[in-house]
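Chains F and P are the protein sequences, given in the same order.
If you're matching positions, the first sequence starts at 0 in numbering that gives the first Met the number 0 and goes up one per residue.
If you're matching positions, the second sequence starts at 0 in numbering that gives the first Met the number 0 and goes up one per residue.
Check before you lean on any hint, since a few could be wrong.
[Claimed, not checked] Computed footprint of chain F on chain P, listed as stretches where at least three residues anywhere in the stretch have a Cβ under 8 Å from a Cβ of chain F:
#	stretch
1	44-51
2	56-70
3	96-105
[As the list claims (entries may be wrong)] Residues from chain F that face chain P, not an exhaustive set, calculated with beta carbons under 7 Å:
#	residue
4	Val54
5	Ala59
6	Phe61
7	Ile62
8	Ala74
9	Asn89
10	Thr101
11	Val103
12	Thr171
13	His183
14	Phe187
15	Pro190
16	Glu312
17	Trp315
18	Ser316
If you're looking for bench data, these hints aren't it; they were derived computationally from the structure.
Virtual Cβ for every residue (Gly too), placed ideally from N, Cα, C.
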Amino acid sequence: MRGFALHDADQSFLRVLDELTLDELYTNGDIEWPTITEMEIQDRSKTDIFSKGIVLLQTAWFIVQCIGRFATGLAITEVEVVTLAFAGLNWITYWLWWYKPTDVRCSASVYLKTLGTSSNPKICEARRQRDTKKLARRTSESASSANNAPKNLRDLTIIIIRTIATHFKDMTVQSQFSDDDLSHVPTFYSPGDEPEARRRYLPAYQPSLLVTICVIVLFGAIHFISWPSVFPTAIEKWLWRVSTILIIGTPFLMYIHEQTFGDVFFDSGFSFGTIIQTSMALILLATYIISRIVLLSLPLILLRSLPPTSLSELKWSEFFPHI
Amino acid sequence: MRLLLFLGCFTGNITHALTLPLDGNTDALSTEINDKYFTDRTISNIIWSCVATLFACGWVAVHPNIPSENDGEVLVLGRRLLTMVYMLLAPELLIRWAARQHFAAKAIAAKYRGV
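Sequences are here, hints too, so could you generate the full structure?
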């Protein structure tokens, strides 16, 4: 995403284009329709079918091995169960991003037809921002960056939490261009997030929600494979079981919370109600993250004492009937 | 890079397969070693196959957005590393992001088909 960049008629970069602005500029006759073809877009991709194939084979082989071990009654270690969950998701990620070119570094350029003053506020704003930036670069570059640096540990913590919360919000709910800086899109941007576009693409949001729900259930369900396995201590057993339930449960609670109270991290005043709602959201988020960390680190600790059959290699020759 | 790795794996296996019939002197030690290689796996085997698969999921499968032209290499790399951390910590979130891009792109493509 961020595929199209608007340049002024004198070739200077103005802003990143979203689909609505591109459409609007074209309708008003400010720009020519970009001529980039599908082949040219794919040409920018830094991977090919070969490397994609290797990755898919790698994950497929891993999945097949786990199924084989399961079928022959060999123990599957918790590390493998966790990896299996990711390997399953990898196929879904690939399906979703199959046509998106990888690691593109340059946008396709779109040029305004004339340098003359425009009546379109979007163009005026972009030109204003470009000129301010030019001026700032000429006067002093270091001054502005020094001002933004956090002054103490408390500021730094707030910045980190805000950044993570912004990223989570960008990925799940909506990510918007910031009007203050039109030169880039958020790291986890997705098109159609502008309020107007959201209304137009609402049908597209239902399937994406459905995919996510399936993924949450699938991902958690794979962790259930280790439910009956032998754990060295009872604490570890219940840590695993509780975390598995929590990573399925909390996303749904978070969704319900979000639907009921709206976005509590960003637009909240200070009242008793909002404090309760914000702390509820924080507790849910913390529960989820802690469960995930447990499910990632516990398997490594469990490697210290493995069930006897978990170290035997699967013998494929015995698996298939001999002729 | 990836090809080299692959070649390494193959040559490793070939030399291994070659040494097997040459071990004519079947003393206890060498059969034990061979048994270990061919029927058992070690913890490092398990970890390596998991790390390779996780790397495939967290790094190779992620298709980031186009960075700003002013962003340096370090920033772009840092962003990809951060994305990998998110993938490991909260894969559902990343999939939600990918799904939203997928279906929005589909809708936009359908709208402008033939323009």
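Results for each hint:
{"no.": "1", "hint": "44-51", "verdict": "holds (count 5)"}
{"no.": "2", "hint": "56-70", "verdict": "holds (count 14)"}
{"no.": "3", "hint": "96-105", "verdict": "holds (count 10)"}
{"no.": "4", "hint": "Val54", "verdict": "4 Å, holds"}
{"no.": "5", "hint": "Ala59", "verdict": "10 Å, violated"}
{"no.": "6", "hint": "Phe61", "verdict": "5 Å, holds"}
{"no.": "7", "hint": "Ile62", "verdict": "9 Å, violated"}
{"no.": "8", "hint": "Ala74", "verdict": "11 Å, violated"}
{"no.": "9", "hint": "Asn89", "verdict": "4 Å, holds"}
{"no.": "10", "hint": "Thr101", "verdict": "5 Å, holds"}
{"no.": "11", "hint": "Val103", "verdict": "5 Å, holds"}
{"no.": "12", "hint": "Thr171", "verdict": "5 Å, holds"}
{"no.": "13", "hint": "His183", "verdict": "4 Å, holds"}
{"no.": "14", "hint": "Phe187", "verdict": "5 Å, holds"}
{"no.": "15", "hint": "Pro190", "verdict": "5 Å, holds"}
{"no.": "16", "hint": "Glu312", "verdict": "5 Å, holds"}
{"no.": "17", "hint": "Trp315", "verdict": "12 Å, violated"}
{"no.": "18", "hint": "Ser316", "verdict": "11 Å, violated"}
In summary, the numbered hints that this structure violates are 5, 7, 8, 17 and 18.
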